[in-house]
Amino acid sequence: MSAALDKVTAPDTEEGVAEAVRAALASREPLAVEGRGTKRAMLRPVQAARTLSTRALFGITLYRPTELVISARAGTPVAEIEAALAEKNQKLIAEPPDLRALFGVEEGATLGGVVGANLSGPRRITGGAMRDHVLGIRAVSGEGEVFRSGGRVLKNVTGLDLCKLLTGAHGTLGVLTEVTLKVQPAGEATGTLALRVAGLEEGIAALSAALGSPFGVSGAALLPEGHAPLGLDGPVALVRIEDFAESVTYRLGQLRAALSRFGEVSVLEGAPSRAAWRAVRDAVPLGAQPEEAVWRISVAPSRAPAVSAALREAFPARLLLDWGGGLIWVAGPATADSHAAVMKAAASAGGTFTLFRAPEALSAALPVLPEEPAALASIGQRVKAVLDPAGILNPGRMRAGA
Amino acid sequence: MMLADGTAQGHFGPMIRLPPPKPEILARRDAILADLRRLLPEDAVIGEAIRLRPYETDGLSAYRQMPLAVTLPRTTEEVAAVLRYCHAHGIRVVPRGAGTSLSGGALPLEDAVVIGLMRMNRILEVNYADRYAVVEAGVTNIGITKAVEGDGFFYAPDPSSQLACMIGGNVMMNSGGAHCLKYGVTANNLLGLTFVTIEGEVVRIGGQHLDAAGYDWLGLITGSEGQLGMVTEVTVRILRSPEGARAMLAAFSSVEVAGQAVDAIIGAGVIPVALEFMDKPCIHACEAFAHAGYPLDAEAMLIIEVEGSVAEQDMLLNRIKKICARFDPISLKLAESAEQSLAIWKGRKGAFGAVGRISPDYLCMDGTIPTGELPHVLKRISEMSAHYGLGVANVFHAGDGNLHPLIMFDANDAESFRKAEAFGADILKLCVEVGGCLTGEHGVGVEKRDLMVAQFTSSELALQRAVKSAFDPGWLLNPAKVFPLEGNEALAA
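Going line by line, the protein sequences match chains A and B. Per the working numbering, the first sequence starts with residue 1, numbered consecutively. Per the working numbering, the second sequence starts with residue 1001, numbered consecutively.
Rather than coming from a laboratory, the hints here were simulated on the basis of the structure. Hints are supplied without guarantee of correctness; some may be wrong.
[What the hints assert, rightly or not] For lysine-lysine, the following DSS-like pairs were computed, each having C-alpha atoms within a straight-line distance of at most 30 Å: (1) K1322/B <-> K91/A; (2) K88/A <-> K1182/B; (3) K1182/B <-> K1322/B; (4) K91/A <-> K1182/B; (5) K1146/B <-> K1349/B; (6) K1349/B <-> K88/A; (7) K1321/B <-> K1182/B; (8) K91/A <-> K1321/B; (9) K1322/B <-> K88/A; (10) K1379/B <-> K1419/B.
All values derive from a computational prediction rather than experimental measurement.
In isolation and in its complexed conformation, chain A is listed as follows (with noise of 0.2 Å):
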């Protein structure tokens, strides 16, 4: 998608996100829906001439740090809330991922692209993903309708689920205008183990045996090629404890003890801790190159091995698994048929794929998301005529003619 700087709108009301929704329905102009726009490249291009851009409608509007609450506008960088939790020693439960480097882009990510994008971190394992902690949602419809679902308590379940519905939708359902996030306790300290194993089956197996353990693992990703910057070589298996000191020396220990029976073992703690699930958290080791297309394959952890070796053989795949293995970020050729081997690879499984970033070429021919059901197909487009009967709210942003 490529917006002219004349043809963004950029409200700082709620109101006026919905007045100018209203006035691309009253024209019948699709709008591009973004905040900072940093994912332009994910997905499929919108097909629209105008943008409508909520970085102007930003400010934390509720921080109860007893109550486990914030709130903020959706034009509001994460980067800032991350900031005021730190200050109350909290944090985001789901460790969205900074992809600056990624997409190519210089600003951070706003609070509603990344509720948008339902996008999650390493902590996402055993945390929840960030649709499990939006508790609250405002929106305006593509009828230019402002509506809350939702609220700013735990525990709710009133009416039908709308933030579940509007994370994830990737701005074709609604535009965010504020989100409320349950938040945690930031952790005393953190640590890791990092795990020389000897491929991926084994790395997988103790990635396994780690999250079956009661110490309560905050991370598990496997390295293939390791990571240079941080001194791992691979295969390499991290697992991550964060919680009050004791805890972390504690678990830390009981866990090495259950793990090198899968390969010899290393302990990182603090900065050194932090910069290695920063790097997973991003995507860094996965070395994705600008020309490259880079995929997101959701597949039970066990089934990651296979699906992995059927990728390695289709074309130079490189990857990089999260999630105990349920998620594996794959780099390669922006070809159809790398797409295609991407596409079996995970029907094969039983998982799901996301073609999350390529150039627009290939973006733009094949489906990003696979199909659903035709049942489920035609509920989800009564349900986008409910929310969005005119279709300008970020088509083709999902699905193709969408």
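We have chain A; now place chain B onto it with these hints.
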């Protein structure tokens, strides 16, 4: 609201408005039963009044309504066949698990076919390497944990009805429990569903992996109270059990101070696995019932549970003890053993029964409030209690703000019941007014349906109704629940 004694209907007549039954459906009852008997095995269709009786109500036994028929399918294909048939003939459907809903989620309609899932009770697969279990919708909540606990695993959400309630119902109501603060609610512990649309189409949603691509149907369907379709199989995440757990008790001289202690614990970065709050009337009722050694001079009491190795439990309990000590506690008691933990929990776990002993009947409310509003809300509830002349005992999941006031009344006295209902509605409106919501874990059902206007604008309700219509254009699925009847053209006679 739960009515502890189910005799209210006889005294007061119908207390909830249901949509007018379709006369053409009632007139065709015999033909419909015959058709259902052709679709399903003979023993899976119930039409005789005496055998329909157990299905006329659920955990909210104040409301009763006999259904047209009950079906008890054993397979997804049988569920699909019944839905396909009902859809083709415009027959309303009420899904049912164990019938433990406290909000009337499974209350039948006179012209509806109940589809009960209790015969779909098989555990299909357990996978420890990938930490999931695939179970049929009629498996009980505790049944999942029982199947995996021998290997050191458990299924985390633990609603208090867990011995009876079924996972299909848990999915539909997005059930919680006492340990949500650490482990989340049902929605946070699911990977996949087998979903059957009103047209009888069987769809797999999610699977054994995290974060299915596309719209989050799994998230939307969870907690949808049977409005969108039926669930026949569920893939749940299973977790390794912690090394151990231990509780402590802290009692304070005022509600405000106890609330400050809760804030201080969470503010210090300690997230206990459970953090329960009881007020004075509740402490007294529980102590009289359970003899748990609760301090009777306290205005408020906390039960706090932590997990980990014995050394970790000691470390966490001592941290919490030090924090509580700053708030002049009346008593602080750390369990030294699992047995002492059980003793501390004994009173709390018997709280509903204990209140049932001191009052002929009670209504159990389920609002959520921002935890900082607790002192204000409890003060207002106590003023309402004086206004209505009805006692109230409060138990509260203090970590997550989920409040369970138990309103005491006499179901044999129509005026007392009317007052109790009005008192309950006032409490829920107060929860919304202070920034909370009508229901934290019991669901809207029929019980809180008409209060939805206190939380949502008419256009927000219209939007939710339209999303339901996208799944169920004819409003055949569990109608009369969740959404107010007023202004709903889909249900007009």
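Hint by hint, here is what the structure shows:
A hinted pair counts as satisfied when its Cα atoms are at most 30 Å apart, and K1322/B with K91/A qualifies at roughly 24 Å. Distance restraint check for K88/A and K1182/B: the Cα-Cα separation of roughly 19 Å lies within the 30 Å cut-off, and the hinted pair is therefore satisfied. Restraint check for K1182/B and K1322/B: satisfied, since their Cα atoms lie roughly 22 Å apart, inside the 30 Å limit. With a C-alpha separation of about 15 Å, the suggested pair K91/A and K1182/B falls inside the 30 Å cut-off, and the hint holds.
Our distance criterion of 30 Å between C-alpha atoms is met by K1146/B and K1349/B, whose separation comes to about 20 Å. A threshold of 30 Å between alpha carbons decides the hint, and for K1349/B with K88/A the separation of about 34 Å lies outside it, so the pair is violated. Among the hinted pairs, K1321/B with K1182/B is consistent with the structure: their alpha-carbon atoms are about 20 Å apart, no more than 30 Å. Using a Cα cut-off of 30 Å, the hinted pair K91/A and K1321/B holds, with the two alpha carbons roughly 25 Å apart.
In summary, the hint linking K1322/B to K88/A is supported, as the alpha carbons are separated by about 20 Å, within the 30 Å threshold. Between K1379/B and K1419/B, the direct Cα distance comes to roughly 19 Å. Compliance with the 30 Å bound is thereby established for this hinted pair.
In summary, the structure is inconsistent with hint 6 from the numbered list given earlier, while agreeing with all the others.
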